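Quick mapping for you: the protein sequence lines, in order, are chains A and B. Note that the numbering used here has the first sequence beginning at 1, numbered continuously upward. Note that the numbering used here has the second sequence beginning at 1, numbered continuously upward.
A couple of the hints might just be wrong.
Pairs of lysine to aspartate or glutamate residues, derived as EDC-like cross-links and limited to a Cα-Cα distance of at most 16 angstroms, are as follows [stated by the list, open to error]:
no., chain 1, residue 1, chain 2, residue 2
1, A, Lys30, B, Asp159
2, B, Lys378, A, Asp159
3, B, Lys47, A, Glu388
4, B, Lys307, B, Glu39
5, A, Lys91, A, Asp201
6, B, Lys265, B, Asp202
7, A, Lys100, A, Glu242
8, A, Lys378, B, Glu369
9, A, Lys240, A, Glu388
10, A, Lys47, B, Glu369
11, B, Lys185, B, Asp159
12, B, Lys240, B, Asp159
13, B, Lys100, B, Asp202
14, A, Lys307, A, Asp159
15, A, Lys237, A, Asp159
16, A, Lys307, A, Glu39
17, A, Lys100, A, Asp202
18, B, Lys30, A, Asp159
Read the hints as simulated data drawn from the structure, not as lab findings. Note that the structure is a prediction, hence the values are computed from the model and not measured.
In case you want the letters, here they are:
2 protein chains.
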Amino acid sequence: MMKFRILAVLALVGFSAASQVDTDKAAVIKSIYTEALGEQQGYEWLKYMCEVIGPRPSGSEAANEAARWAKVAMLQAGADTAWLQEVEVPKWYRGPEWSKAYAGGVPVSLPTTALGGSVPTPKEGVRAEVVEVGSFEELEALGREGVEGKIVFYNTYMDHSLISTFNAYGGAVKYRWAGAMEAGKYGAVATVLRSVTLLRDDLPHTGAMSYGDSEVKIPSAAISWQAADMLDHLLGKGQKVELELFLDCGVQGTATNYNVIADFKGTDKADEIMLVGGHIDSWDLGQGAQDDGAGCAHAMQVPSLLKEVGYEHHRTIRVVLWANEEFGLDGAKEYANWARMNNVHHWVALESDGGAGVPRGFGVGASDEWVEKVKALKPYFVPYGLHEFAKGGGGADLSPLRGYDNVFIGFRPDSQRYFDFHHSARDRIDAIHPRSLEMGSASIASLFFLLDAL
Amino acid sequence: MMKFRILAVLALVGFSAASQVDTDKAAVIKSIYTEALGEQQGYEWLKYMCEVIGPRPSGSEAANEAARWAKVAMLQAGADTAWLQEVEVPKWYRGPEWSKAYAGGVPVSLPTTALGGSVPTPKEGVRAEVVEVGSFEELEALGREGVEGKIVFYNTYMDHSLISTFNAYGGAVKYRWAGAMEAGKYGAVATVLRSVTLLRDDLPHTGAMSYGDSEVKIPSAAISWQAADMLDHLLGKGQKVELELFLDCGVQGTATNYNVIADFKGTDKADEIMLVGGHIDSWDLGQGAQDDGAGCAHAMQVPSLLKEVGYEHHRTIRVVLWANEEFGLDGAKEYANWARMNNVHHWVALESDGGAGVPRGFGVGASDEWVEKVKALKPYFVPYGLHEFAKGGGGADLSPLRGYDNVFIGFRPDSQRYFDFHHSARDRIDAIHPRSLEMGSASIASLFFLLDAL
Numbered sequence: 001m002m003k004f005r006i007l008a009v010l011a012l013v014g015f016s017a018a019s020q021v022d023t024d025k026a027a028v029i030k031s032i033y034t035e036a037l038g039e040q041q042g043y044e045w046l047k048y049m050c051e052v053i054g055p056r057p058s059g060s061e062a063a064n065e066a067a068r069w070a071k072v073a074m075l076q077a078g079a080d081t082a083w084l085q086e087v088e089v090p091k092w093y094r095g096p097e098w099s100k101a102y103a104g105g106v107p108v109s110l111p112t113t114a115l116g117g118s119v120p121t122p123k124e125g126v127r128a129e130v131v132e133v134g135s136f137e138e139l140e141a142l143g144r145e146g147v148e149g150k151i152v153f154y155n156t157y158m159d160h161s162l163i164s165t166f167n168a169y170g171g172a173v174k175y176r177w178a179g180a181m182e183a184g185k186y187g188a189v190a191t192v193l194r195s196v197t198l199l200r201d202d203l204p205h206t207g208a209m210s211y212g213d214s215e216v217k218i219p220s221a222a223i224s225w226q227a228a229d230m231l232d233h234l235l236g237k238g239q240k241v242e243l244e245l246f247l248d249c250g251v252q253g254t255a256t257n258y259n260v261i262a263d264f265k266g267t268d269k270a271d272e273i274m275l276v277g278g279h280i281d282s283w284d285l286g287q288g289a290q291d292d293g294a295g296c297a298h299a300m301q302v303p304s305l306l307k308e309v310g311y312e313h314h315r316t317i318r319v320v321l322w323a324n325e326e327f328g329l330d331g332a333k334e335y336a337n338w339a340r341m342n343n344v345h346h347w348v349a350l351e352s353d354g355g356a357g358v359p360r361g362f363g364v365g366a367s368d369e370w371v372e373k374v375k376a377l378k379p380y381f382v383p384y385g386l387h388e389f390a391k392g393g394g395g396a397d398l399s400p401l402r403g404y405d406n407v408f409i410g411f412r413p414d415s416q417r418y419f420d421f422h423h424s425a426r427d428r429i430d431a432i433h434p435r436s437l438e439m440g441s442a443s444i445a446s447l448f449f450l451l452d453a454l
Numbered sequence: 001m002m003k004f005r006i007l008a009v010l011a012l013v014g015f016s017a018a019s020q021v022d023t024d025k026a027a028v029i030k031s032i033y034t035e036a037l038g039e040q041q042g043y044e045w046l047k048y049m050c051e052v053i054g055p056r057p058s059g060s061e062a063a064n065e066a067a068r069w070a071k072v073a074m075l076q077a078g079a080d081t082a083w084l085q086e087v088e089v090p091k092w093y094r095g096p097e098w099s100k101a102y103a104g105g106v107p108v109s110l111p112t113t114a115l116g117g118s119v120p121t122p123k124e125g126v127r128a129e130v131v132e133v134g135s136f137e138e139l140e141a142l143g144r145e146g147v148e149g150k151i152v153f154y155n156t157y158m159d160h161s162l163i164s165t166f167n168a169y170g171g172a173v174k175y176r177w178a179g180a181m182e183a184g185k186y187g188a189v190a191t192v193l194r195s196v197t198l199l200r201d202d203l204p205h206t207g208a209m210s211y212g213d214s215e216v217k218i219p220s221a222a223i224s225w226q227a228a229d230m231l232d233h234l235l236g237k238g239q240k241v242e243l244e245l246f247l248d249c250g251v252q253g254t255a256t257n258y259n260v261i262a263d264f265k266g267t268d269k270a271d272e273i274m275l276v277g278g279h280i281d282s283w284d285l286g287q288g289a290q291d292d293g294a295g296c297a298h299a300m301q302v303p304s305l306l307k308e309v310g311y312e313h314h315r316t317i318r319v320v321l322w323a324n325e326e327f328g329l330d331g332a333k334e335y336a337n338w339a340r341m342n343n344v345h346h347w348v349a350l351e352s353d354g355g356a357g358v359p360r361g362f363g364v365g366a367s368d369e370w371v372e373k374v375k376a377l378k379p380y381f382v383p384y385g386l387h388e389f390a391k392g393g394g395g396a397d398l399s400p401l402r403g404y405d406n407v408f409i410g411f412r413p414d415s416q417r418y419f420d421f422h423h424s425a426r427d428r429i430d431a432i433h434p435r436s437l438e439m440g441s442a443s444i445a446s447l448f449f450l451l452d453a454l
């Protein structure tokens with residue numbers, strides 16, 4: 001009797017992974033990975049987006065070219081419907097940009113890029129003394145007396161000790177977002193920021209900034225890690241350092257971009273929608289390969305992979321490629337509004353917007369019941385190296401659906417290298433590893449297969 | 001009572017991870033990672049090995065320069081003793097090498113490299129008809145009739161469907177190792193091989209081959225993946241294809257290289273040795289950054305990291321950088337012989353020879369008791385992304401110690417990209433990701449800390 005009780009408890013709390021794996025389903029998953037790793041269709045699509053179309057910033061014609069191309073690709077892949085949803089977005093313009101540091105000797109050029117949304121400098125540029133701060137607290141301590149008429153240099157860092165680089169990003173990005181707004185309050189004439197990255201290289205990384213409701217709008221730029229080191233070094237000598245900054249950039253009204261929406265109908269539960277998406281826009285530096293061409297490739301590949309292995313899904317798989325995530329989530333908001341107006345609910349919605357690294361797991365932003373449902377599938381994924389199944393997650397483009405829909409999943413690739421490329425000229429197809437990308441597509445397709453087959 | 005029983009069973013089978021973690025020890029581990037990720041000492045060392053010293057093939061003076069440099073670096077890092085152990089190794093020479101395919105039109109140049117140990121071609125090269133095989137079985141089926149006087153093209157692949165690329169390598173490398181030996185039996189005049197890699201690029205990958213006891217020695221080379229695709233394509237047209245191969249290469253007697261052996265004495269169990277090592281030699285293409293400069297950097301960093309966080313180890317930590325792993329394990333054999341003769345036993349021996357990828361875990365080649373001991377430490381590593389703690393492992397350089405010592409551990413970094421670089425010109429410092437490398441050093445140092453503190 002005791003033996004029976006122990007077994008019963010074991011069954012409740014300690015069942016082996018093997019008992020949770022259905023061998024037929026495991027075989028389908030093996031086929032999905034084998035298909036992805038062999039054919040590399042996602043990589044070929046991503047290569048086209050990067051090399052033929054190129055960067056796809058908010059308001060660009062390239063973003064529209066990508067949307068039209070993706071629509072056709074989805075129809076060719078067997079979509080029952082695919083259409084383009086108009087989205088009004090800010091039109092971002094970037095022209096020449098540079099800065100030079102003056103510290104007595106020959107002026108030193110610093111790799112420089114305007115933050116997204118920055119106003120331009122005057123045509124003659126802006127030249128002023130540099131004052132360095134390591135935090136908003138230091139800025140506040142300097143006050144108007146220490147800042148007025150100067151260029152504020154945010155020598156702020158991502159915390160290298162954090163293993164999740166997304167957490168490290170979260171702690172540092174406020175200086176990019178609000179640095180100009182805060183410095184403007186004290187009369188600064190411009191800001192420059194140590195690029196928000198962990199790679200100690202010489203490329204500047206852009207990204208969105210905001211003036212909030214402030215009427216004071218000062219030019220704001222990022223400089224490379226190495227340039228920040230040099231500026232810090234020059235300032236550390238105790239001498240006066242001036243910076244000359246020139247930015248030709250700005251938001252030039254609005255333009256029309258498009259969300260791509262492609263439906264692959266389910267057999268008997270076609271009304272239940274399984275959404276998988278990424279954002280089709282990118283920053284203008286690089287090619288938007290990791291951010292978020294990879295997510296688009298992942299999403300586009302899901303229905304194809306299921307088709308190739310002969311799985312007929314009960315539910316409708318909807319691929320959505322959102323316009324303008326980077327500069328205000330316009331595509332995501334437009335899509336969510338449309339869904340609400342048409343009473344379209346999503347049984348599950350997954351976004352891939354963490355790059356093309358080796359898959360590590362999924363984050364589930366849903367009820368505990370759903371979290372457990374997804375966690376119970378982990379034994380299928382462990383052989384493929386996915387171990388992280390956690391509560392919490394989704395993606396920026398899913399956020400406008402929160403409170404309306406209930407099940408959000410974020411794909412989690414390895415994050416160690418993501419911010420090396422992020423928003424910089426390094427974010428190119430050359431830095432995409434085909435196998436890792438394809439393992440991502442296969443992981444998402446496998447999760448959709450398992451959920452649909454539940 | 002039932003409640004008590006359930007709790008007892010839970011304690012046996014389902015204890016939580018948290019209960020296995022000592023918070024003081026977890027804090028030390030956090031310090032180790034933070035130190036590694038901040039200072040990046042291993043990356044600086046590796047950069048020196050790659051950029052200043054360069055490739056370190058068997059018998060080269062560069063291998064000796066690296067050994068002398070590493071000895072000094074270890075003494076500067078606080079080693080109590082560091083010395084160079086002489087190792088007699090084959091002296092490998094590589095001169096010009098090329099091949100051209102003739103299929104009617106303009107000859108097509110194929111990126112080509114001699115396999116390590118190949119004899120050279122005659123000075124006028126060798127030109128013959130190509131016959132393609134996909135396996136030794138196909139070679140055998142062709143027999144002497146189909147092979148004699150021809151160049152055998154091994155169009156063999158790593159299995160892309162295997163998630164462990166080391167397993168995929170294991171299945172394909174026999175054609176590199178024994179391809180010339182087998183083809184020679186049937187009168188082939190040379191062999192070329194699709195490079196043993198998963199990246200579909202245009203660089204050839206070298207690596208050791210063997211003629212076994214055969215007196216027939218035919219030249220043997222690898223061609224790039226894309227060249228193999230092209231050759232396969234030309235042959236697929238049903239036309240006669242000839243290949244002209246020129247290899248100036250060979251083993252030119254022997255030379256003296258060195259093992260580096262550096263001891264950092266323990267406080268009260270100095271006789272118990274914890275060995276951590278990598279091999280200092282590399283192939284001659286590239287810089288030997290992943291294979292195995294990274295392993296050397298990992299090993300060299302372990303005592304420094306423990307010192308920086310203020311941990312005084314009970315046992316002696318011995319850093320060993322072996323000579324000539326690639327071309328016959330001479331350094332490992334010499335070290336093992338010396339250990340046996342001097343009755344030196346190792347309490348534990350760990351090798352890092354899987355590159356600088358993000359750490360995924362450890363393989364433990366030891367008694368079940370030891371395997372469980374290491375597996376019990378997994379909860380300390382999960383926050384750093386290490387989930388794979390498996391029985392079985394070690395490293396090629398530890399193999400001569402098997403049967404003499406009993407506890408071998410292999411460090412397991414992510415393997416997805418390793419064979420992209422492996423034995424090719426791509427294996428350079430540029431392809432090393434500093435954070436991933438440093439996380440490897442920190443992972444090994446943390447394991448040594450936990451084991452030593454048991």
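Worksheet item: Holds or violated: Lys240 of chain B with Asp159 of chain B, Cα cutoff 16 angstroms?
Response: Roughly 29 angstroms separates the two Cα atoms, so the pair is violated.
Worksheet item: Going straight from one Cα to the other, do Lys30 of chain B and Asp159 of chain A come out at no more than 16 angstroms?
Response: holds (13 angstroms)
Worksheet item: Regarding the pair Lys378 of chain B and Asp159 of chain A, is the alpha-carbon distance no greater than 16 angstroms?
Response: violated (25 angstroms)
Discussion item. Checking one constraint from the list: CA of Lys100 of chain B to CA of Asp202 of chain B, max 16 angstroms. Satisfied?
Written reply: Holds, at about 15 angstroms.
Worksheet item: Can the restraint linking Lys91 of chain A and Asp201 of chain A be considered satisfied, given a maximum Cα separation of 16 angstroms?
Response: violated (29 angstroms)
Worksheet item: Straight-line Cα separation of Lys30 of chain A and Asp159 of chain B no greater than 16 angstroms?
Response: Between Lys30 of chain A and Asp159 of chain B the Cα gap is close to 13 angstroms, so the pair holds against 16 angstroms.
Worksheet item: Is Lys265 of chain B within 16 angstroms of Asp202 of chain B, Cα to Cα?
Response: Violated. Lys265 of chain B to Asp202 of chain B sits at ~48 angstroms, over the 16 angstroms cutoff.
Worksheet item: Is the straight-line distance between the alpha-carbon of Lys307 of chain A and that of Glu39 of chain A 16 angstroms or less?
Response: Between Lys307 of chain A and Glu39 of chain A the Cα gap is close to 14 angstroms, so the pair holds against 16 angstroms.
Discussion item. Checking one constraint from the list: CA of Lys240 of chain A to CA of Glu388 of chain A, max 16 angstroms. Satisfied?
Written reply: Not satisfied, since the Cα-Cα distance of roughly 50 angstroms exceeds 16 angstroms.
Worksheet item: For the pair supplied as a hint, Lys100 of chain A and Glu242 of chain A, is the alpha-carbon distance within the 16 angstroms limit?
Response: holds (8 angstroms)
Item to complete: Mind checking the alpha carbons of Lys47 of chain B and Glu388 of chain A for me, to see if they're no more than 16 angstroms apart?
Response: violated (33 angstroms)
Worksheet item: Are the Cα positions of Lys378 of chain A and Glu369 of chain B separated by 16 angstroms at most?
Response: Cα-Cα ~27 angstroms, so violated.
When held up to the earlier numbered hints, the structure conflicts with 2, 3, 5, 6, 8, 9, 10, 11, 12, 14, 15 and fits the remainder.
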